[in-house]
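**Q** Take a look at the letters that make up each chain.
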Amino acid sequence: MSARDAIEIDPPYDFPGYKSTALRAPKQPLIRVAPHPLEIAGPAFSRSFAKESEADLTTWGKSAPLGEKMILVGRVLDEDGKPVRNSLLELWQCNASGRYAHPVDQHNAPLDPNFLGQGKVLTGDNGEYRFVTIKPGAYPWRNHPWAWRPAHIHLSLFGNAYAQRIITQMFFPADPLLPIDPIFNSVPDPEARQRMVCKLDLEQGIEEEALGYRFDIVLRGAKSTPTGV
Amino acid sequence: MGKFVPTPSCTVGPFFPAHYFGPNDNDLTVTSNAAGASSKRAQGTKIYIAGTIYEADRVPRWNSIVEFWQADASGHFAHPNDPESSKADPDFMGWGRRASEDDGYYDFITVKPGGYKDPLTGLVRAPHINVSIMGSGLMRRLVTTFFFPDEPANAGDPVFNAIPDAKVRERIILKPAKFPRAPADALCYRLDIVLQGEDETPFFLD
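Going down the list, the protein sequences come from chains X and E. Position 84 (the first sequence) corresponds to 188 in our numbering; numbering is contiguous. Position 23 (the second sequence) corresponds to 27 in our numbering; numbering is contiguous.
Everything labelled a hint here was simulated from the structure, so no lab data went into it. Some hints could be false.
Stated by the list, open to error - Restricting the straight-line Cα-Cα distance to at most 25 Å, the calculated cross-link-like pairs of lysine-lysine (DSS-like) are:
| id | chain 1 | residue 1 | chain 2 | residue 2 |
| --- | --- | --- | --- | --- |
| 1 | E | Lys-7 | X | Lys-186 |
| 2 | E | Lys-121 | X | Lys-155 |
| 3 | E | Lys-44 | X | Lys-327 |
| 4 | E | Lys-121 | E | Lys-50 |
| 5 | E | Lys-179 | E | Lys-50 |
Whenever a hint applies, use it, and build me the whole structure from the sequences.
**A** Structure, rendered in structure tokens:
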């Protein structure tokens, strides 16, 4: 049994605080195929999907991007604490001004010609990963009056099985925008919410150059059963 | 219950990098950007699957991310959880991804998957494709499964039959179709994905 059966960890599909869910959340209840996972195998990605250079987002341009340089480290584990090895982890984020290098983002903040905001790694033998990047900025969005997203980094993980696929967002500690962010607060359990916040870990940084942050990610078991919403 | 509590899911949002879609990521018959940079083609019957993704009120939904995950033509996965993984087609990875276009259109080129006996349950799975949909306004991925028409094994498939209503089951059976964009040598199927409303696609707990 997954802990996700016992605790409301994931946000509901229909969450009125995030307006566009009203158009996209299914109206019919999701169908349970218990007690079996839908599939126990999952895609396995080779090294060619994540070149070593893709772990450093600050060397993409001709010179260094603007912003506060940071190192993000962490481990990917399953519910039993076992490392999830050789697993593709994709990361994307806006620049220090709060603008994504993406055609859909029309926010009136400058693009940084030296920052694309995209990184990929395969996790190591202990499930570990390390990115070099800059701290993303906050940005406004049109969800409601005075809506601003807190600084966050998007993460997409495949795990080692179909049930382990997860897409999430990582937030920063003590951000005053967290209490008013509907996305952060769509996770119903306050303790679960805190597991989306990274921790300052100075010694993972680079002295006189970059701050260090740690963010460990727990995937559910490869053979865990489907869960409620 | 495990020792550690899983990290919550959060919406993919609208800004998933366009660069993460490789030129052949929606062609599962090509492994050139996957393991081994092989120029060989996957074994099996080439098929083309396309359709439109709709949100409420039949409005086409653009910028949705669709992922395919399936067995190879003989029903094997190149994955340690498949006890017969050594028989898996080395030129087939089984995974693909693309974003829906401005008019909600999505398409994949792949091979028809084989059925197999699920190693965990011993139940026979009909040929099928696991489909995940992600996007802004979707808090987590939505998962469904595509099945093939006129497939006797559908009658015993545990996922297909988890849907109690036969009319609803019809909504995840691929329909023979023709598309101008399909490769000439592919069998073509259509399946629209309706996130919400009339003829809503059945989605599974994940």
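**Q** Hint by hint, note whether the structure agrees.
**A** Status of the hints after comparison with the structure:
no.: 1; hint: E:Lys-7 with X:Lys-186; result: holds, 10 Å
no.: 2; hint: E:Lys-121 with X:Lys-155; result: violated, 36 Å
no.: 3; hint: E:Lys-44 with X:Lys-327; result: violated, 33 Å
no.: 4; hint: E:Lys-121 with E:Lys-50; result: holds, 23 Å
no.: 5; hint: E:Lys-179 with E:Lys-50; result: holds, 15 Å
Violated hints for the displayed structure, listed by number in ascending order: 2, 3.
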